[in-house]
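**Q** Input sequences plus hints: build the corresponding full structure.
Taken in order, these protein sequences are the chains called A and B. All residue numbers for the first sequence refer to our numbering, where the first residue is 1 and numbers rise by one. All residue numbers for the second sequence refer to our numbering, where the first residue is 1 and numbers rise by one.
Bear in mind the hints are in silico, worked out from the structure with no lab data behind them. Errors might be hidden in some of the hints.
[Claimed, not checked] With a straight-line Cα cutoff of 25 Å, these simulated BS3-like cross-link-like pairs (lysine-lysine) come out: (1) B/Lys-161 with A/Lys-22; (2) B/Lys-161 with A/Lys-134; (3) A/Lys-217 with A/Lys-243; (4) A/Lys-216 with A/Lys-248; (5) A/Lys-22 with A/Lys-243; (6) A/Lys-131 with B/Lys-110; (7) A/Lys-109 with A/Lys-248; (8) A/Lys-248 with A/Lys-217; (9) A/Lys-109 with A/Lys-131.
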Amino acid sequence: MDGRVSISELEKVYGEGAERTKAIEDLTFEVDGGEFASVVGPSGCGKSTLLYLIAGFLDVTSGTISVDGNPIQGPGTDRGVVFQNYALFPWRTVFENVTYGLEEDGVPKEERQSIAQQYIDMVDLSGFEDKYPKELSGGMKQRVALARTLAYEPKILLMDEPFGALDQPLRESLQDQLLDIWGDLEKTVVFITHDVEEAVYLSERVMIMTRHPGTKKTVSEINLDRSGSREEIVTSDAFADYKNTVWKSLHEETQTEVTL
Amino acid sequence: MDVTADANPRFDLSSALSLVKSIYSLVIVLVLWEAVAQLGLIHYYFLPPLSDIIMRFVELTLNGQMLYNAYLTLMRAMVGLAIASVFGVLVGVLSAQNDLVDWFFDPIIKIGYPVPIISLIPVFMLWFGIGDISKIIMVAVGTFWPVAINARDSTRQVETKLLWSAKMMGTSDRRLLWRVVMPAAMPGILTGFQIAMPLSLIITFVFEMVAGGGGLGALEIAGVRSFESTQVYAAIIAIMLIGIALDRLLRMARGRLLHWT
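**A** Right, dumping it as structure tokens:
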């Protein structure tokens with residue numbers, strides 16, 4: 001399937017001279033087309049930097065990032081980012097936010113409208129088309145951001161702690177909504193989070209990053225039976241085991257942080 | 001039915017009351033003014049009764065003098081402000097976007113902004129004379145700074161993630177300015193206009209007082225010279241009304257343009 005992300009010997013250095021800091025060091029990782037992969041790590045480990053590098057917002061210092069074998073050159077519509085703080089255009093309505101990418105792509109107006117409506121319905125925001133972002137709650141804003149990114153149909157979704165600012169029940173409902181959408185649309189997802197439970201619940205694989213400079217520490221395959229309800233999944237022994245494994249690996253990193 | 005019939009007059013009453021309350025202090029001051037002047041506690045030349053000033057205002061309006069002078073002041077201020085707006089936004093936005101432009105303009109803005117522009121009136125008289133052109137150029141130069149600085153700072157403060165969002169959806173660097181930067185910076189740019197507007201009136205008014213050539217400033221100073229203090233105050237009322245009206249207009253425009261904020 002399309003949408004394979006290959007990261008090879010990636011290094012990212014910020015600043016120069018005395019202010020030089022290495023954010024990411026020697027990171028090699030591959031996400032298959034259609035796979036749901038999460039990245040967890042202690043704060044400051046460069047996981048957001050990794051995401052912005054994949055998005056093409058930042059330039060790599062050395063190493064390569066390819067999508068389906070082609071090295072990326074800056075941002076592109078094959079990848080779509082969902083930011084933690086939504087980054088919606090405040091001067092555009094919900095509907096106009098969602099049509100933005102289609103406008104840039106030159107999609108005719110009528111087609112634009114029907115596509116936008118389809119994605120607005122998908123994230124359960126019908127009836128809010130003419131609202132401005134300031135009139136929406138955080139959860140609604142994040143659904144608009146998701147619809148806006150889905151609407152121009154990138155193969156790869158890059159999500160930067162998208163539910164981090166939301167309360168628990170809302171976060172869970174958006175997680176399930178995201179899983180449904182992922183199941184329907186067959187996208188590759190790279191999901192950044194610091195929440196171990198969220199990573200295990202959503203992903204097929206979880207990469208744990210080391211603390212400063214960030215690199216791949218371990219990768220856990222998550223083979224959960226996801227046919228049941230959320231309650232069945234999160235109360236299962238398998239879920240607890242995966243969670244413990246990831247948590248322990250992450251905890252070693254946060255311990256290092258404390259002893260420093 | 002009853003509820004709405006009951007609610008309406010009550011609403012009107014409370015809003016009327018709040019209006020009265022909001023100008024309460026003003027009414028007291030005006031009544032005191034009229035009383036003090038009528039009782040002769042202050043010499044007529046210093047402070048004529050409000051009613052006399054209003055009569056003079058009406059007289060000047062009816063004989064066309066007030067409208068003509070108001071037109072001159074308004075025209076000079078607005079043409080100057082329009083020129084400053086175009087150049088100010090241009091320089092401000094370019095400074096925020098381009099290091100070379102910023103390198104050039106930053107020191108100029110740092111020096112130029114704090115200069116009390118009115119102190120340059122004599123220089124402008126030397127260079128450009130005392131006509132409309134001289135006044136318009138002075139207004140343009142004086143109001144350029146707040147427009148440029150607000151445009152520059154608000155352009156700089158556009159969130160990086162908004163720019164990234166647009167780029168990931170296919171907006172080219174060249175189009176980014178119109179698609180994202182300008183709309184996102186619009187609140188700050190309009191704030192610049194709102195600061196520059198009263199400044200444009202002040203500069204015009206003072207220049208007219210100093211150099212003549214008609215306008216409300218000249219009308220006022222003529223009142224002083226001919227010992228007609230009612231005319232002095234009538235001219236002040238006129239410039240006040242213009243200032244208030246323009247401020248309201250800009251606020252309305254802001255509300256229209258920025259209903260999303």
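**Q** None of the hints should be skipped; say for each whether it holds.
**A** Right, here's what the structure says about each hint:
no.	hint	in the structure
1	B/Lys-161 with A/Lys-22	holds (22 Å)
2	B/Lys-161 with A/Lys-134	holds (17 Å)
3	A/Lys-217 with A/Lys-243	holds (16 Å)
4	A/Lys-216 with A/Lys-248	holds (15 Å)
5	A/Lys-22 with A/Lys-243	violated (29 Å)
6	A/Lys-131 with B/Lys-110	violated (41 Å)
7	A/Lys-109 with A/Lys-248	violated (52 Å)
8	A/Lys-248 with A/Lys-217	holds (12 Å)
9	A/Lys-109 with A/Lys-131	holds (20 Å)
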